[in-house]
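**Student:** Protein chains in written order, with our numbering: chain G, 1219 to 1628; chain S, 11 to 242.
Some hints could be false.
Here are the simulated lysine-lysine pairs, DSSO-like style, with alpha carbons at most 30 Å apart [as the list claims (entries may be wrong)]: (1) S:Lys125 <-> G:Lys1225; (2) G:Lys1458 <-> G:Lys1405; (3) G:Lys1337 <-> G:Lys1456; (4) S:Lys81 <-> S:Lys69; (5) G:Lys1456 <-> G:Lys1344; (6) G:Lys1374 <-> G:Lys1333; (7) S:Lys237 <-> S:Lys125; (8) S:Lys81 <-> S:Lys237; (9) G:Lys1374 <-> G:Lys1405; (10) G:Lys1221 <-> S:Lys144; (11) G:Lys1374 <-> G:Lys1359; (12) S:Lys208 <-> S:Lys144; (13) S:Lys125 <-> G:Lys1221; (14) G:Lys1225 <-> S:Lys144; (15) S:Lys130 <-> G:Lys1221.
Derived by calculation from the structure, the hints in this document are not laboratory data. All of these numbers come straight from a predicted model, not from anything done at the bench.
Here's the letter readout for the chains.
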Amino acid sequence: MIKLAIKSLLNRRASVLLTVIAIAVSVTLLLAVERTREQVQTNFANTVSGTDLIIGARTSQIQLLLSSVFHIGSMTNNMSWEAFDDIRSRPAVEWAVPISLGDSVGGLPVVATTKDYFKHFRYGSKQSLTFAAGDAFHDEKQVVLGAEAASKLNKKVGNDITIAHGSGGISFSEHDEHPLTVVGILKRTGTPVDQTILTSLTSLEVIHGGESRDKHDHGDSHAHPPAESISAALLGLKAKPLALRLQRQINTYKPEPLTALLPGMTLQELWKTLRVFEQALTVISSMVVLIGLLGMLTIMLASLRERRREMAVLRAVGAGPGTVFGLLVSEALLLTVVAAASGLALLYLLEWSLAGVIQSQTGIVLSFAWPTVAEWWRLGLVVATGFVLSLIPAWRAYRQSLADGLTVKV
Amino acid sequence: MTAVSVRDLSFSWKRNEPATLEILEWQVQNGETLLLRGPSGSGKSTLLSLLAGINSPQKGELSLFGTPLSKLSGRQRDRFRADNIGYIFQQFNLLPYLSALDNALLACQFSSIRKERIAKAGETPEASAHNMLKRLGLSESQIQQPAHSLSVGQQQRVAAARALLGAPPLLIADEPTSALDAEHRDSFIQLLLELSAKNDTTVIFVTHDAALSRYFDSHVELNDLNKAGVTA
């Protein structure tokens, strides 16, 4: 009977093909919503995998997280170096990396930090940064490029670059007189680090008009802070359970208003606020799938009239009305299964063809994983809905073949 | 053994309506070829749907080869039809998207008994259908062609091959020649009867054309048979 269903579908291949395409595209949409959500979430989680606490000037936690680690949006206030110094000297803190943001090269963010960044930053499953070429910066005239930044700017180790003020694509105040030399290029991480230009805090100070400490030739060796103020700091703690207490202490820090956040928890909060949109998208794409399936229902119902003779022939050779019913249901099932499979294939095709663009635009690396449980569920629901809808034409054909028997009056 | 045996049969399409068909007594002998003539409205399609087991009489008895159809369930009647009855329509006998060969093979799709009969004759269903189609005058290429590309006359031959495949004991033909011209009609009937005779198949051939009666053993007027509407 499956063979009969296949041949019957092939016979009506034009309308069947259109229906399959409509359902397949809608299935792709449905899966893409789920996959984007999941990939964005793992990507964000990967980026902050080694950081226990992020601190910055008083602002909302989500804003601090997005601007400090993901370079989305900008920070309006800075925290003082004194406050950073005070907090990093606390016994609970194992390491602290200051970062200063706000400059850019060709639209790519400049992250001014210390060498500790390379030592302590972790991504993915707690991997540390490694160099594809060169090494970390050692003085204020040197920069390290992320993998994507290096290829976008077309710079190699030894090339010079100029930093512009502001994070826009084009800036009128380029710090031309301070070219920096590329000394290292990082290996690809699949995080926003790939897009960044890393330099030392002191070099940023120099660019912004502070005096170079190299040319600073007074004899004493008192420690200068590398910067007056910083945008944020990443902290690693000696023991995770200390995080909550330290967070409270920083949030109520007396000398100046600060914000501390636990990256994992703040991300959860972010996803919670975005869930409404995500659900709206899911609902819309489900509707699109339903429209596709209703299209299938329409062509099946429309074809019933012209297929009455076909049903009578089947009855003549001994098919019962139940067989006629089964034939129509299996046709619809076949059609939806093929459509769902093509939808899945289309999703992978899109992922594969857009992966490059998505990475360079957003820094998100798509991983080609097998469908997740949630995706299988969605596919299953599509096929189940197709099955349920097919009961309508199947039932009509059943009634029709009972009434018609062998004499079709068309 | 009698092929068809009817006693006190009465059937109406809707409950509480006067009967469309009433037959007191009717028998067809095994191997007999019979021409059944009736104008439209004489209860022809009703009788055929009862013989094929699509519908069941409300009253009376209808047996085919000793099996009382009226006592079988709908599903059992479908099985019985698949195993024992070859059926040819007036036209549109074929699934247009199947080849002539696959259309003929449909006869075996729902009947393992037909397959067994073919196996007993030492053939595969494919070979048997192929031979039958050749016998009915289809060329090698026509046998593989999709049914919709065949002419009406060729389509009717494929329908005959399907009806006769696996040697069913009863062949019902419902005006199978009405779409054919006189020349094709006569050769079609002769071939049909010749192939049926080989398997000792009982043939009930329905037509409105009494001139064809010379080909058949007996000739029955449905108006004589059907007592419905006749007031006593």
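**Student:** Flag every earlier hint the structure violates by its number, smallest first.
**Tutor:** 7
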